[in-house]
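Engineer: Protein chains in written order, with the working numbering: chain U, 877 to 1437; chain R, 22 to 497.
By construction, these hints were calculated from the structure, which means they are not laboratory data. Every residue, glycine too, gets a C-beta built ideally from N, C-alpha and C. Careful: at least some of the hints might be erroneous.
Residues of chain U clear of chain R, computed beta-carbon distances all greater than 12 Å [said to hold, decoys possible]: (1) L1124; (2) G1138; (3) V1408.
Okay, the calculated beta carbon distance ranges per label pair [stated by the list, open to error]: (4) U:L1383 / R:P136: 48 to 56 Å; (5) U:V1316 / R:A476: 54 to 62 Å; (6) U:A1230 / R:G478: 44 to 52 Å; (7) R:P136 / U:G1315: 34 to 42 Å; (8) U:L1383 / R:T154: 35 to 43 Å; (9) R:G478 / U:G1315: 26 to 34 Å; (10) R:Q315 / U:A1230: 49 to 57 Å; (11) U:L1383 / R:T95: 23 to 31 Å; (12) R:T431 / U:T1224: 52 to 60 Å.
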Amino acid sequence: MTTAEDAVGQSDDAGPAETEGSLRVGQSSRVGTAVVVVVSVGFAALLGGAVGSAGVAGSTATVALVVATALSFAASLRLADAGRFRVLAYPLAGVLALVVGTGVAAAVGGVALGHLSTSYPVQSFDQVRIAGLSVLSATIVALGATVATLGGVASIGRLLRGETAEAYADLAVKTFLVPLTVSALLLVPTLLAGSTAPEPTLADLFAAALGLPVALLDLLAFPAGDGTHLLTFAALVVATAGGLDRALDAAPVSELSTGPSGERTGAALERVRRRLRVLAVVAAAVVPVALVELALAQSALANALGPVYAPLAAVTNATALRLPMVALLVVSLAVWTVSELLGRTVRTNARDLAGALAPFLGGVAVVCLAVAVQGVVLDPALTAVSAGLPGEFGTAFERQSTALVENAGAVAVALAVTAGLVGLTVVLAVAVTLATQVGVLDDRATAPALAAVGLFVASGFGPGAGVGAPLVLAGLVGSFLVWDAGEYGITVAREVGRAGHTYRPELAHIGGTLAVGTAAAVLAWGLADVAVGAAFGSLPTLRLAFVALLGGIVLLVAALR
Amino acid sequence: MTDVRASRWRVGAPATLSLVTLGLLYASPALLAGALIPLGYVAYAALSAVPGDATVRVERSVDDRAPAPGTHVTVAVTVTNAGDGTLPDCRVVDSVPAELAVVEGSPRRSLALGPGESVTYRYAVVARRGEFTFEDAGVRLRSLAGSGVRTETVAVEGTERIACHYPLSDVGVGGATLRRAGTHSTDSGGPGTEFHSTREYRPGDPQSRIHWRRLAKTGELTTVSFREERAVRTVIVVDARVPGRVAPQPGVPTGAELAGYAGERLFESLTGAGVVASVTALGVETDDVAAPVQPGGFPWADGSAGAATTLARAVFAAVRDVSGPRVDDGGDPDVVDDGTDPATVGDQADPDTVGEQGDATSATAPGAATDGGSERERLLLSQLPSGAEVVLATPLLDDWPVSLVRTLRTQGHPVTVVSPDVTGTGSVGGEFAATERRHRLATIAATGATTTSWAPGDPLDLALAESVAHLTGGDA
Chain U
877 MTTAEDAVGQ
887 SDDAGPAETE
897 GSLRVGQSSR
907 VGTAVVVVVS
917 VGFAALLGGA
927 VGSAGVAGST
937 ATVALVVATA
947 LSFAASLRLA
957 DAGRFRVLAY
967 PLAGVLALVV
977 GTGVAAAVGG
987 VALGHLSTSY
997 PVQSFDQVRI
1007 AGLSVLSATI
1017 VALGATVATL
1027 GGVASIGRLL
1037 RGETAEAYAD
1047 LAVKTFLVPL
1057 TVSALLLVPT
1067 LLAGSTAPEP
1077 TLADLFAAAL
1087 GLPVALLDLL
1097 AFPAGDGTHL
1107 LTFAALVVAT
1117 AGGLDRALDA
1127 APVSELSTGP
1137 SGERTGAALE
1147 RVRRRLRVLA
1157 VVAAAVVPVA
1167 LVELALAQSA
1177 LANALGPVYA
1187 PLAAVTNATA
1197 LRLPMVALLV
1207 VSLAVWTVSE
1217 LLGRTVRTNA
1227 RDLAGALAPF
1237 LGGVAVVCLA
1247 VAVQGVVLDP
1257 ALTAVSAGLP
1267 GEFGTAFERQ
1277 STALVENAGA
1287 VAVALAVTAG
1297 LVGLTVVLAV
1307 AVTLATQVGV
1317 LDDRATAPAL
1327 AAVGLFVASG
1337 FGPGAGVGAP
1347 LVLAGLVGSF
1357 LVWDAGEYGI
1367 TVAREVGRAG
1377 HTYRPELAHI
1387 GGTLAVGTAA
1397 AVLAWGLADV
1407 AVGAAFGSLP
1417 TLRLAFVALL
1427 GGIVLLVAAL
1437 R
Chain R
22 MTDVRASRWR
32 VGAPATLSLV
42 TLGLLYASPA
52 LLAGALIPLG
62 YVAYAALSAV
72 PGDATVRVER
82 SVDDRAPAPG
92 THVTVAVTVT
102 NAGDGTLPDC
112 RVVDSVPAEL
122 AVVEGSPRRS
132 LALGPGESVT
142 YRYAVVARRG
152 EFTFEDAGVR
162 LRSLAGSGVR
172 TETVAVEGTE
182 RIACHYPLSD
192 VGVGGATLRR
202 AGTHSTDSGG
212 PGTEFHSTRE
222 YRPGDPQSRI
232 HWRRLAKTGE
242 LTTVSFREER
252 AVRTVIVVDA
262 RVPGRVAPQP
272 GVPTGAELAG
282 YAGERLFESL
292 TGAGVVASVT
302 ALGVETDDVA
312 APVQPGGFPW
322 ADGSAGAATT
332 LARAVFAAVR
342 DVSGPRVDDG
352 GDPDVVDDGT
362 DPATVGDQAD
372 PDTVGEQGDA
382 TSATAPGAAT
392 DGGSERERLL
402 LSQLPSGAEV
412 VLATPLLDDW
422 PVSLVRTLRT
432 QGHPVTVVSP
442 DVTGTGSVGG
452 EFAATERRHR
462 LATIAATGAT
472 TTSWAPGDPL
482 DLALAESVAH
492 LTGGDA
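Go ahead and model the full structure; you've got the sequences and the hints to work with.
Structural biologist: This is the structure:
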């Protein structure tokens, strides 16, 4: 028969004997979840309100915004865990990732801007550092409070665990890649070539983006200027030979030719490919040598090379050589791409393919959303930011943003901003995943741990942002309470199951933790008061120090026993 | 017993360090003093421990030590703190035998016990055939801070065993006496004791049966016929075919098992009352059965044979061998949907697959006919003695028994159908299956057969009382 350890240890591998009250790993008891949610969200609201400078109405709106963000985060975690409906769930989760990023940016950014505008203008130079520290602390407090709310709401059910965090990070990164690529594609022509027309539309930008590879091929086929273009020539040879080799490898030539002629074809193919590879290697060896072309002027090169110069220049400039090679390069790239894609599609089944592509669908959905609402949302957002920035910074920002929008087009700017917001969510998700893997955040009780860390950080940086001592100390106690209640609840649910009516022991435990924390906080508050008026060597200070020393010795002895 | 110190408050040290650092960075006395909070928690965790003399007593009691299969048995566990200190967190796990399924409540409990305090909690298991022993309970004690953990096994006082026996197979019934002249009245006239009808005198009729009074009145010679009393053959047919080998939950007996159990109880009652009962079963493996096998693949235990009881026992054993739950068989999503397949119980917890199983419709009626249902019917019917009373024990989860009953009724056999109800899953699929089953019961009743439906939780005797009375000729 199993030992007591086995009997009590795991409730979730109980087998068919226990169908009632058995649960999946990571779910917390009701009491634990309730305590975590209420304490984390409550203290986050208090701390966030203490640093926010928008008054009661503004604070309430911010709290509502952050709670909505937390709910979106929880929803997207749930969707990222979807087994069967991945094709529908992942795109939705991607859009929600955008919502989460926007919410976090708005909440934290609002606080930062508010503090900036109250801190500036600065009276004197040495106050710059203090004001800067104050703004930074306020931003960190707001970030901590937001993270605490996210963690608190995500602790309902079993939404946030090590493995779901990893899946979510994966999903977020893939969703991020699509708007990033599209916005880069749209911005690069403008950045490289300068603006073509004021306020380019989406069509203009796409044409410019498609024009880039065409321009590159043009450059390759028809080199500009006189003199040797050995570098580009060698590079072209390498690319063509390599591309052709890959294309012949990927193309289904061996499948299409059968019988004795098939063997001969196969052998001939192998010979050709070997020669192509040799050619590519030789040309690749030439490339570093040809780098000298960039350093030296053509006249110096002519002097150095002597009689070889003219034929070399003729060969490397010959369009008759370059144009066919460019054409061959394009064709082999096309064949390679098509063969690879077809091969992969044939080998995987539809469901796996859909599952692999689903996150990218989310990115596409985000892009479409950004394109659809950019007209309505972009201008007010930029105006709000420039209004929030104090004095000169505001006008400068407005100028720069208007210029950028005119040059690069509102669409491109909106897409870039969208990519940035999704990137914020990516950073959050990746940070949580790494923290879980490293061990900073508990693997099973990830959400309560996240909420506790958020509250701890928010309380720790509070005094720097002007939060009062009572709230700071209360926030510290709250963070430990959240961590304790969450972890304890998960252990109880794992060992006993949720149907076991675990109220009394849990409330006893949480009450003990709360009592100890409150006692310590009250003591700390008294100590802080005394410490403010203390002077080294004065009698009251010495008395207090003596008492503290005695207490420390007693505790040490008791603990070591 | 193991005693460990759980390092739950490891976070205290880094927290103290970071608070001190931040306090120095911001020159904030509040933060520096706030470093007391994590220090306080570390001290609390270090000082908190499970009292050394903590003792826990566990007692168990069961409401029925010899239940019928399929009934719910309630187990009450009483936990007492026999020590002097408070136990803020005492987790008890009663060891339920692995074969029994818990259907109500949970054998695991978390309690807070003061000194001398005692708490009782209950849970229910489903009985199955066999003897089951409860082992010792596991107890885990934690201190208030959760930093001290003690795990131990506690011997449980009280009930340790429950046993659920099948009447024929487990408790050997001696050979029942077979009385040729039964107590069952029939509707045909002939020699007997109860008046039935009169007919014209034929030369050769016995003098004792001449209606002398009429002769005296009218001068006609008539002969009286009485109700013939003869030992009517009863045939018990147990349906153990594949569609019936499902259970509403894991650990609960399947429909085929319960039909076999009902058949055994009926056989026991009938032979005890002197009725000649033959037994046959459908859907069993005929390779190893110790009874003669008829063409059509069903074993036949003839009630008028010498070792009738032994043969019947062999048939019921064959039924038991096959009537366990269907193990793998993903193919046919059958009538009773969720949780019927032990292999898919794990999936039952996953919300994504429950819907899939719950959507399965009853496209299974062909399943009964595809394996030569009508051919089997014909062969079975050819074995039945004419006019035999047929008792069909079947879970009624497909339509083949309905067509069998119809055919039996057209051939003039009186039919009684005893059917255990295994459709109580509480899900949409279960409701659907229950509705279909009720419809089949109604169809059968419309043919003139007697139907008895019983839910496994109810006592079988009550449900069978009427049918048995009717079969043994109590109030024909």
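Engineer: Now tell me, hint by hint, if it's right for this structure.
Structural biologist: Hint by hint, here is what the structure shows:
no. : hint                         : verdict
1   : L1124                        : holds, 45 Å
2   : G1138                        : holds, 43 Å
3   : V1408                        : violated, 6 Å
4   : U:L1383 / R:P136: 48 to 56 Å : violated, 19 Å
5   : U:V1316 / R:A476: 54 to 62 Å : holds, 55 Å
6   : U:A1230 / R:G478: 44 to 52 Å : holds, 46 Å
7   : R:P136 / U:G1315: 34 to 42 Å : holds, 40 Å
8   : U:L1383 / R:T154: 35 to 43 Å : holds, 36 Å
9   : R:G478 / U:G1315: 26 to 34 Å : violated, 50 Å
10  : R:Q315 / U:A1230: 49 to 57 Å : holds, 55 Å
11  : U:L1383 / R:T95: 23 to 31 Å  : holds, 28 Å
12  : R:T431 / U:T1224: 52 to 60 Å : holds, 59 Å
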